[in-house]
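Okay, here's what each chain looks like letter by letter:
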Amino acid sequence: MKPLSIALFLAASCAWAQMPPASTSAEKSETPDLRPRIYDLAGVLGNEGFKFRDGAWSGSLQGAKPQRLSVNLFAGNQYWFCGATSASGETPNIVLRDPSGQPAEMIRFDKAGIAAAGVTAATTGRYVLEIKGSSPGTRDFCLLYLFK
Amino acid sequence: MKLFQPIFFCLLLFVARPGLAQSNEKEGQQIEVLTVPSPAEFFAALDKIGKPDWAAFYRDPIPTIYQARALSAVNLGTLVTDGYLAVEAQDGQQVKNTGKDIITLARALGVGEHVLARGKSISDFADRNDWSALKEELDATTNEVRLAMAAQRDEGLATMITAGAWLRALQVGSRAAEMSGEAKADELISQAYLIAYLREDLDTLPETARNAPAVDHVRKTLTRVEEGIKTGGGETPDSTRAARVGKITAEFVASAAAKQK
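Residue numbers (this note's numbering), protein chains in the order written: chain A, 1 to 148; chain B, 1 to 261.
Bound conformation, chain A alone:
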């Protein structure tokens, strides 16, 4: 996956993407528009040949309790998972567990309020994706992923 080049590319591209800062008011944090932030990042990956998988997922996080998503991945494909939460300054943690339940080794890119994690699937099958944060209370999150 060329981890260093991808990470550098993402870092440079995020500056280019001019992501909006995390919400600064309580009112905004109630109704954040998270999608443009992760679409900006995902768009950068798209320029690297990654394709959106067919949707995004959004919901709410409560405290440090993770949300878990089941995903089918194909051996040999490269994947990037991009997520953001509405909590000011919170960077979500993205973990992928392989079909045997072990955490997969991932390339990570974090910036305040947004995170991306990349992996090349070693086996075909059902993986479980976890997204969690460190902030207290309930806040929104949005996640999408791409493949190549």
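Be a bit skeptical, because a hint or two may be false.
Output of the computed footprint for chain B on chain A, the stretches with three or more beta carbons under 8 angstroms from beta carbons of chain B [as the list claims (entries may be wrong)]:
#: 1; segment: 75 to 81
#: 2; segment: 122 to 134
The calculated PhoX-like cross-link candidates involving lysine-lysine, where the alpha carbons are at most 25 angstroms apart (straight line), are [to be verified]:
#: 3; chain 1: A; residue 1: K148; chain 2: B; residue 2: K184
#: 4; chain 1: B; residue 1: K48; chain 2: A; residue 2: K148
#: 5; chain 1: B; residue 1: K220; chain 2: B; residue 2: K247
#: 6; chain 1: B; residue 1: K51; chain 2: A; residue 2: K148
From the structure, some residues in chain A lie toward chain B, with a derived Cβ separation under 8 angstroms [unchecked claim]:
#: 7; residue: N72
#: 8; residue: R97
#: 9; residue: R108
#: 10; residue: K111
#: 11; residue: F147
Just so you know, these hints were derived from the structure itself, not from any lab. This structure is a prediction, so every number in the text was calculated from the model and none was measured. All residues carry an ideal CB built from backbone N, CA and C; glycine is no exception.
Use these hints to put chain B onto chain A, whose structure you have.
Just chain B, lined up with the frame of chain A:
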């Protein structure tokens, strides 16, 4: 970002789709099913193993008129996979032909004009040999047809489209895996979880819809594919997974597309 603009609004629509994620419990943890992967993702993985001659998997044009809406839906799904196949083969004319048939079947299912307009986009991208945009456009078209089915409270038809797409994808993938002879390719056919998910989705339909001949045919085929993936189903236990799944799916795809009398 401009690469994504044609599909951006479609993605936003899809994000809003109710019921995208369905939950189930496993080991005391709440796990959400995010979404079903597209055949393009499957083909991308196959392409890394052996660069198949994708054009070798074309089939003859199929009828675009069916009496049962469920049969139209499942055949629309198989055509979507044919579209991805033509994109992999970088065959613009085949993409246009398939796109036209997709739109014809979508029209038969009563989708809105805004979806039908995608037929022109497919044709335009094919003329420009823009394979990347074509994959996105096929995704977008499929998703919009599925959304239209959901809006018509025909979620069962949306699942039939997905099932048709995957049964055709497994037919093509199985043949490609057999031809490559690679164990890794055979492993890619192992989609028991996905197939079970689709079958269970159809199992939850109201009894009348569930027992409609076309739906029943798909449910039984999905069950056979699950068995073929896991054990060989006792039919030809010594054959490869790809051979077993290929046989079952080829029978289904041919039968579903057969001209009605």
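### Message
Please list, smallest to largest, the hint numbers that this structure does not respect.
### Response
8, 9, 10
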